[in-house]
Amino acid sequence: MKYVDEFRDGKLARGLAAAIATEAAPACRYSFMEFCGGHTHAISRYGVTDLLPANVRMVHGPGCPVCVLPIGRVDMAIELALEHGVILCTYGDCLRVPASDGLSLMKAKARGGDVRMVYSSADALKIAQDNPGRQVVFFAIGFETTTPPTAVVIRQAAALGLENFSVLCCHVLTPSAISNILESPGVRELGTVPLDGFIGPAHVSTVIGYAPYEFFAEEFRKPVVIAGFEPLDVMQAILMLVRQVNQGRAEVENEFSRAVSRDGNLKAQNLVSEIFELRREFEWRGLGLVPYSALKIRREYARFDAETRFPLGYRSVADNKACECGAILRGVKRPQDCKLFGTVCTPENPIGSCMVSSEGACAAHYTYGRYKDAR
Amino acid sequence: MTKVRENYVRPLDLKQGRVDMTHGSGGRAMAQLIEELFAKHLDNEFLRQGNDGSVLPPLTLGGRLVMSCDGHVVSPLFFPGGDIGCLSVHGTVNDVAVMGAKPLYLAASFILEEGLPLADLAKIVESMAKAAKEAGVAVVTGDTKVVEAGKADGVFISTTGVGVLPDGVALSGDRARPGDVILLSGTIGDHGMAIMAQRESLGFSAPIVSDTAALHGLIEAMLATGADIRCLRDPTRGGLATTLNEIARQSGVGMMLDEAAIPVNPEVAAACEFLGLDPLYVANEGKLIAIVAEGDADKVLAAMRTHPQGARAVRIGRVHEDAHHFVQMTTGFGGRRIVDWLTGEQLPRIC
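The listed protein sequences derive, respectively, from chains A and Z.
Residue numbers 0 to 374, in numbering that gives the first Met the number 0, belong to the letters of the first sequence in order.
Residue numbers 0 to 350, in numbering that gives the first Met the number 0, belong to the letters of the second sequence in order.
Just so you know, the hints here were simulated from the structure itself, not pulled from any lab data.
In this text, all values refer to a predicted model and were calculated from it rather than measured experimentally.
Accuracy of the hints is not assured; some may be wrong.
[Said to hold, decoys possible] Derived SDA-like pairs: lysine to any residue, alpha-carbon spacing no greater than 25 Å straight-line:
{"id": "1", "chain 1": "A", "residue 1": "Lys108", "chain 2": "Z", "residue 2": "Asp152"}
{"id": "2", "chain 1": "A", "residue 1": "Lys1", "chain 2": "Z", "residue 2": "Leu201"}
{"id": "3", "chain 1": "A", "residue 1": "Lys1", "chain 2": "Z", "residue 2": "Pro265"}
{"id": "4", "chain 1": "A", "residue 1": "Lys1", "chain 2": "Z", "residue 2": "Gln197"}
{"id": "5", "chain 1": "Z", "residue 1": "Lys150", "chain 2": "A", "residue 2": "Arg133"}
{"id": "6", "chain 1": "A", "residue 1": "Lys1", "chain 2": "Z", "residue 2": "Ser200"}
{"id": "7", "chain 1": "Z", "residue 1": "Lys150", "chain 2": "A", "residue 2": "Leu81"}
{"id": "8", "chain 1": "A", "residue 1": "Lys371", "chain 2": "Z", "residue 2": "Gly178"}
{"id": "9", "chain 1": "A", "residue 1": "Lys332", "chain 2": "Z", "residue 2": "Arg335"}
{"id": "10", "chain 1": "A", "residue 1": "Lys1", "chain 2": "Z", "residue 2": "Leu274"}
{"id": "11", "chain 1": "A", "residue 1": "Lys106", "chain 2": "Z", "residue 2": "Arg236"}
{"id": "12", "chain 1": "A", "residue 1": "Lys338", "chain 2": "Z", "residue 2": "Ala322"}
{"id": "13", "chain 1": "A", "residue 1": "Lys1", "chain 2": "Z", "residue 2": "Arg311"}
{"id": "14", "chain 1": "Z", "residue 1": "Lys150", "chain 2": "A", "residue 2": "Met105"}
{"id": "15", "chain 1": "A", "residue 1": "Lys125", "chain 2": "Z", "residue 2": "Gln197"}
{"id": "16", "chain 1": "A", "residue 1": "Lys108", "chain 2": "Z", "residue 2": "Lys150"}
{"id": "17", "chain 1": "A", "residue 1": "Lys108", "chain 2": "A", "residue 2": "Asn130"}
{"id": "18", "chain 1": "A", "residue 1": "Lys125", "chain 2": "Z", "residue 2": "Arg198"}
{"id": "19", "chain 1": "A", "residue 1": "Lys125", "chain 2": "Z", "residue 2": "Ala148"}
{"id": "20", "chain 1": "A", "residue 1": "Lys106", "chain 2": "Z", "residue 2": "Trp340"}
{"id": "21", "chain 1": "A", "residue 1": "Lys106", "chain 2": "Z", "residue 2": "Lys150"}
{"id": "22", "chain 1": "A", "residue 1": "Lys1", "chain 2": "Z", "residue 2": "Glu199"}
{"id": "23", "chain 1": "Z", "residue 1": "Lys150", "chain 2": "A", "residue 2": "Gly111"}
{"id": "24", "chain 1": "A", "residue 1": "Lys1", "chain 2": "Z", "residue 2": "Pro262"}
{"id": "25", "chain 1": "A", "residue 1": "Lys10", "chain 2": "Z", "residue 2": "Asp257"}
{"id": "26", "chain 1": "A", "residue 1": "Lys125", "chain 2": "Z", "residue 2": "Glu199"}
{"id": "27", "chain 1": "Z", "residue 1": "Lys150", "chain 2": "A", "residue 2": "Ala109"}
{"id": "28", "chain 1": "Z", "residue 1": "Lys150", "chain 2": "A", "residue 2": "Ile126"}
{"id": "29", "chain 1": "A", "residue 1": "Lys10", "chain 2": "Z", "residue 2": "Pro262"}
{"id": "30", "chain 1": "A", "residue 1": "Lys1", "chain 2": "Z", "residue 2": "Leu276"}
{"id": "31", "chain 1": "A", "residue 1": "Lys371", "chain 2": "Z", "residue 2": "Thr342"}
{"id": "32", "chain 1": "A", "residue 1": "Lys10", "chain 2": "Z", "residue 2": "Glu272"}
{"id": "33", "chain 1": "A", "residue 1": "Lys10", "chain 2": "Z", "residue 2": "Ala269"}
{"id": "34", "chain 1": "A", "residue 1": "Lys1", "chain 2": "Z", "residue 2": "Ile261"}
{"id": "35", "chain 1": "A", "residue 1": "Lys108", "chain 2": "Z", "residue 2": "Ala148"}
{"id": "36", "chain 1": "A", "residue 1": "Lys125", "chain 2": "Z", "residue 2": "Phe273"}
{"id": "37", "chain 1": "A", "residue 1": "Lys371", "chain 2": "Z", "residue 2": "Ala259"}
{"id": "38", "chain 1": "A", "residue 1": "Lys106", "chain 2": "Z", "residue 2": "Leu276"}
{"id": "39", "chain 1": "Z", "residue 1": "Lys150", "chain 2": "A", "residue 2": "Asp113"}
Put together the whole structure using the sequences plus the hints.
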């Protein structure tokens, strides 16, 4: 397939692997965090780590929107479906996220909740138009990539004067999460892992550009390379990170120049700031309360905010005690370090959120890499 | 003189008519539907017996019976390359054929939804009849039920197939042994993506066509080589990945696949990419996997390639010893990964 196969070429990969092996200093250990679940998935799906020398380690980051969604937010969505009788629309990945009382949206659906999987926010809006007698709520999750489409439907709903459409907004922000991993005292108490650099988000950066990462590259002296989600992008980014570390540089470099500019998509950014504003704080699974790390719907559009329209309260719910999702999301532990991994927690019966989405570190390792643990 | 015409029933309106509750009531309307639609198209000497069941002739050439059944709930009912009618024949014929048996008879049970256009039902039954004829099987008995509008989705068809397994043929998922070769009869993912593209209204310039087909001919050619074929299976729901995992577990072995060897049509690859799906997990309805003893692999592959349905047959991997029963793959990229069971539901209502 043109424009895709080129980025998965095995021969080019071997060339990059050879370059990384040559340039990585044997005496050094390199730990790089790929922030995004998209990268985690690509690394596992294509076996990228098999092409890396032993002293270059990839640490999976928290950039999987489903994984960082706290149980309390899923509980709110379930409450909407079961108690308030709405048509609850959401992306497929959200359906299996474990929530309180052994429920998930999928299980709520089996109990009679009207839960529908959509491929885009526009599908949810269409459902609202087609069901004027029913309240329709779009359970909106994701990083900056999925935020503009949510903004679009809220604006459209306003233009159409739709009275039966609202959004349960759980959009979160990437730069604040990365800073949080690096600097928050709270996270430090929870334990962090020494990192030598970051592979920066691909799709998120198409929207926000790469300028937002410049602050912490400089502040924390950590190199960042923005990379695409194809395996060759990842390999190239690793090589660029190794070079920065070797040369003592800590800059933002852009490997994904075919899609990302410094300033990003200004039109999308303007739209997002028209509809959304910062939340003072938001709970992340694994990171706890992170200040200014999420968005809420502005007061002007409050009638499309499900949190305003329905009597919903947020209740923070702790993870299963044995679940290591928190430490795994911070890169402190690897999936195979968790006692539950592959025993009671599997993709069919996930206990923790990292086992749910294919972008989650546990699901990726379970699905593609667990042969490495088998002895 | 009376104007009453004895037993007059107005013919079915196959243009404008729709299935209504009377068509499942057991009364005249149902008898008429059966006569004018089902019996007309599926006609054969057994169905003509007109009884609650069909009396079938004795097996004169020996062998044992193989029986399999399959329910069909595909949505949409019509898709590029086929429809629920031919699919309901191919699905069951293939389940019987991959056992090494010659499919002979089918039973078909229809759950119709009130409101289904009779024209659609006629098209579906015609397609079934054509597929059955091509596969050399007779639909010997059937049943029709009607449920209220909203309680089904057009039509659901369950078919049961009976075939005869020649003496000496023993194919089974528990017979794969280390060293065996894994063969695949052609491209993967065509059926699932044909359905998905239709459902999501993906406007590709060249539509993706389902591969739905009966495989008994291809299988006959493979068995005729006399090779030691351990197991045949058609990778339907869950795709190639899931089917290979089933065999690996049944046989207690591991497998190593070569990603670069697995053929995928470019438009299927593109649609999968677009929807974030992996063709390894997408359903097929006219493909088979063969696990063959190493020494016989070339012979079987050659036989497959002489048959139109196996023209693109390839060797995709090997069976090896593995206590964990992992199916693994060397990626085109040069790494290694597990090819796991399908998790959750990738594409509901695909067949």
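Status of each hint after checking the structure:
no.: 1; hint: A/Lys108 / Z/Asp152; in the structure: holds, 19 Å
no.: 2; hint: A/Lys1 / Z/Leu201; in the structure: holds, 18 Å
no.: 3; hint: A/Lys1 / Z/Pro265; in the structure: holds, 9 Å
no.: 4; hint: A/Lys1 / Z/Gln197; in the structure: holds, 23 Å
no.: 5; hint: Z/Lys150 / A/Arg133; in the structure: holds, 21 Å
no.: 6; hint: A/Lys1 / Z/Ser200; in the structure: holds, 22 Å
no.: 7; hint: Z/Lys150 / A/Leu81; in the structure: holds, 22 Å
no.: 8; hint: A/Lys371 / Z/Gly178; in the structure: holds, 22 Å
no.: 9; hint: A/Lys332 / Z/Arg335; in the structure: holds, 23 Å
no.: 10; hint: A/Lys1 / Z/Leu274; in the structure: holds, 17 Å
no.: 11; hint: A/Lys106 / Z/Arg236; in the structure: holds, 22 Å
no.: 12; hint: A/Lys338 / Z/Ala322; in the structure: holds, 22 Å
no.: 13; hint: A/Lys1 / Z/Arg311; in the structure: holds, 22 Å
no.: 14; hint: Z/Lys150 / A/Met105; in the structure: holds, 21 Å
no.: 15; hint: A/Lys125 / Z/Gln197; in the structure: holds, 19 Å
no.: 16; hint: A/Lys108 / Z/Lys150; in the structure: holds, 17 Å
no.: 17; hint: A/Lys108 / A/Asn130; in the structure: holds, 18 Å
no.: 18; hint: A/Lys125 / Z/Arg198; in the structure: holds, 16 Å
no.: 19; hint: A/Lys125 / Z/Ala148; in the structure: holds, 23 Å
no.: 20; hint: A/Lys106 / Z/Trp340; in the structure: holds, 21 Å
no.: 21; hint: A/Lys106 / Z/Lys150; in the structure: holds, 21 Å
no.: 22; hint: A/Lys1 / Z/Glu199; in the structure: holds, 22 Å
no.: 23; hint: Z/Lys150 / A/Gly111; in the structure: holds, 15 Å
no.: 24; hint: A/Lys1 / Z/Pro262; in the structure: holds, 16 Å
no.: 25; hint: A/Lys10 / Z/Asp257; in the structure: holds, 15 Å
no.: 26; hint: A/Lys125 / Z/Glu199; in the structure: holds, 14 Å
no.: 27; hint: Z/Lys150 / A/Ala109; in the structure: holds, 16 Å
no.: 28; hint: Z/Lys150 / A/Ile126; in the structure: holds, 21 Å
no.: 29; hint: A/Lys10 / Z/Pro262; in the structure: holds, 19 Å
no.: 30; hint: A/Lys1 / Z/Leu276; in the structure: holds, 17 Å
no.: 31; hint: A/Lys371 / Z/Thr342; in the structure: holds, 20 Å
no.: 32; hint: A/Lys10 / Z/Glu272; in the structure: holds, 21 Å
no.: 33; hint: A/Lys10 / Z/Ala269; in the structure: holds, 22 Å
no.: 34; hint: A/Lys1 / Z/Ile261; in the structure: holds, 18 Å
no.: 35; hint: A/Lys108 / Z/Ala148; in the structure: holds, 21 Å
no.: 36; hint: A/Lys125 / Z/Phe273; in the structure: holds, 21 Å
no.: 37; hint: A/Lys371 / Z/Ala259; in the structure: holds, 22 Å
no.: 38; hint: A/Lys106 / Z/Leu276; in the structure: holds, 23 Å
no.: 39; hint: Z/Lys150 / A/Asp113; in the structure: holds, 16 Å
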